[in-house]
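K.L.:
Take a look at the letters that make up each chain.
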Amino acid sequence: MLDPCNRLAKEGFDVSFLEPGEDGIITREMVEGAMREYTILVSIMWANNEIGTINEIPEIGSLCHDRGVVFHTDATQWAGKMPVDVKADNIDLLSMSGHKIYGPKGVGVLYVRRRRPRVRLQALVDGGGQERGFRPGTLNVTGIVGMGKACEIAKAEMDTDRERLYTLRKKLEDRVTAELGVVQINGHPERRLPHMTNISFGFVEGEGLMMACKDIAMSSGSACTSASLEPSYVLKVLGVGDDLAHSSLRLSLGRWTTEEEVDFAAANIIEGVTKLRQLSPLYDMHNEGIDITKIEWGAH
Amino acid sequence: MGNFGTTSEVKDRTDIGVGLVGAPECGDVMQLQIQVDETTGKIKDAKFKCFGCGSAIASSSLATEWLKDRTLEEGLAIKNTEIVEELSLPPVKIHCSVLAEDAIKAAIADYKTKHADASMKDAPEGTEKPS
Chain A
9 MLDPCNRLAK EGFDVSFLEP GEDGIITREM VEGAMREYTI LVSIMWANNE
59 IGTINEIPEI GSLCHDRGVV FHTDATQWAG KMPVDVKADN IDLLSMSGHK
109 IYGPKGVGVL YVRRRRPRVR LQALVDGGGQ ERGFRPGTLN VTGIVGMGKA
159 CEIAKAEMDT DRERLYTLRK KLEDRVTAEL GVVQINGHPE RRLPHMTNIS
209 FGFVEGEGLM MACKDIAMSS GSACTSASLE PSYVLKVLGV GDDLAHSSLR
259 LSLGRWTTEE EVDFAAANII EGVTKLRQLS PLYDMHNEGI DITKIEWGAH
Chain B
-18 MGNFGTTSEV KDRTDIGVGL VGAPECGDVM QLQIQVDETT GKIKDAKFKC
32 FGCGSAIASS SLATEWLKDR TLEEGLAIKN TEIVEELSLP PVKIHCSVLA
82 EDAIKAAIAD YKTKHADASM KDAPEGTEKP S
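Taken in sequence, the protein lines are chains A and B. Residue numbers for the first sequence follow the numbering used here, beginning at 9 and rising by one. Residue numbers for the second sequence follow the numbering used here, beginning at -18 and rising by one.
Every clue listed holds true.
Not everything, but these chain B residues come out facing chain A in the computed CB check (under 7 Å):
id, residue
1, Thr(-13)
2, Val10
3, Gly33
Hints in this document: simulated from the structure, not taken from any laboratory. Since this is a predicted model, take the numbers as computed values, not measurements. Note that beta-carbon positions come from the ideal geometry of N, C-alpha and C, so glycine has one too.
Okay, chain B solo, but in the shape it has when bound (with noise of 0.2 Å):
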């Protein structure tokens, strides 16, 4: 639960990717952080805000829980259908999951690019960019 520092604090950290999903009117914003160990390459710690019900807090909750020690594959690995096992999720509350997933997703993505930008950063001139 919580965050490393709002999105434009954590803008700048390339260690850290952001995922923000939903929206106020369908009444579930997820928005989850993840910090990765740059050696490693395994995500060291999560953290969740959300707004919405007590199935999409607990979602995003678990997918934090979930994301700790695993490598960026892994964790794209979690599926929605996982979430909704281990909470019991009733049908209505699937979208939740879903977007628990999405978040996952996202914060990865936005770790990759963050990463990809900052190598071509260092790399010394010349040298060819990360594909």
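Bound conformation, chain A alone (with noise of 0.2 Å):
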């Protein structure tokens, strides 16, 4: 979502960024701080895609209809896991993927309101008038009946799902926290997502985990995927410190997760994270009772 703000923000308009507090959270009490009185419009992703933590969606929708704003949420994450009611959810304009539903990749949906708000869009693409002209071209029919599918399938298991994912994640999350010491689940303990979580691991880095549990696929937290140094953006305005940042992990459970799977997840981790502690010089340090942010590091 950043880089069409910063897109618009070139073109002349005014965009105000929001950052959570430490639970990871965009209320409506921060969005109403954030608007000004010639607000046009409010993005706000429905739940994160790094940390899984639930915005205040719905009420930010009443919010911006009171005041007579365009409301888009991008709910990449949370549409097909729960259910959307853009009626009662105050949304005017929805965006949502197909390769995170089950659907077929590169089809991707927006919702647009016609009435009480009308929304009116223009183009991105001139021609065609595909689409009622908001796209020219073609339409890739197989892709719109195989994201209509995914969506069948996903409203009728996203209640027995849900309810099982999140047990399969409690499961993983007490195992993992018990098992090993200095272990932080990042965002807001209980509004969050069912089916993802993020962990950091102290004294052990992501990526150097990943490559120690190989079976598992999964995501170092950290944004640091290699060209830049910088950790997770994300986990950063959550407070979360910069060692424990490059830290952590993101991992998610799907429709066909089972518990075995989960136990072995489970017990991966908790090898590699012992392995590389006994590798690690910060970790010698925690124990030795050495505090790690008191030590003028070198800069590099």
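Quick one: dock chain against chain with the hints and give me the complex.
P.N.:
Written as structure tokens, this is what we have:
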């Protein structure tokens, strides 16, 4: 979402960016505080992609409608896992993606409200007139049908999936927390999506941990995928220390994740963290009672 | 891999030099310890600990392998580019090799400082201090 906003800023629009508090949640109050008299559009992601925290979407929508402001939400992480009611949730524009709901890759959905208020969009590309003039080009019929089917299945299964994944995730989090010290679950403890978790393991670097647990597919929560030395800006905003932000893993559970797989993953992560801590000079310092934040580290 | 003792444990051992480089907020910290044979002046053994990605761990591990049986001067001659070549590090991981080179230099410098201090202490009074 940042890039389109930056583009608008370049074109001369005034853009306010909101930063959540330590629990990672964007509240109605925060949006209200940032609104100006001439605000025309608010865009807030429904649930965060790195930590899964859930923003106050229906409340923010209601605020926008009180002020006559168009409200867009990026529901990529939310839709298909949690119920959506664009009317009750006060949403004017909603975007979501096929691959996040077991649908076809490369297909997305943009919901556009037609009544009270009617939202008028300008096409990004001109010509053709397909899709009510929003998007020219021959329709991707197989993609559209696949997306529809994916939504149908998601709607039928989301309630049972949600309960099951919540229980499995809790098992995973409880076990790694109980067996390893200095573990931090990032984001609000309860108000987050049930199927994902972002965990910081102190004194162990995320990328190294991913290598040590090569049988599990996961991402290092740190956006430091390689080129940049910067840890995840999301975790940074939450007040997660730089050292812990480098020590984070994002794990997701899905429709076909079994309890055995969760046990396997937990055992693997515990083994990997233990092994890497044996190798970690920071863990030695911690055990000796040295405060790592007080050391004068050289610039690098 | 490992160490000859924690930093505080090896603090008074004049045959051991410790190099600690990097920073937790950058995502890489390397600790390199060298043990020098005081009669031959050669590095008898080297050990590392590392907080970092796979490339950082591999770079520090390789550094300890290469340091063994080298003199301090030979150790100082190890260049990060050689580490890059040996491990086929991609461009984004070159900083890991730089850190390993820094760790080698820091460990050797620490050994030299400790050694200079120790010989000063051992030296009979009135003798000229080593420069």
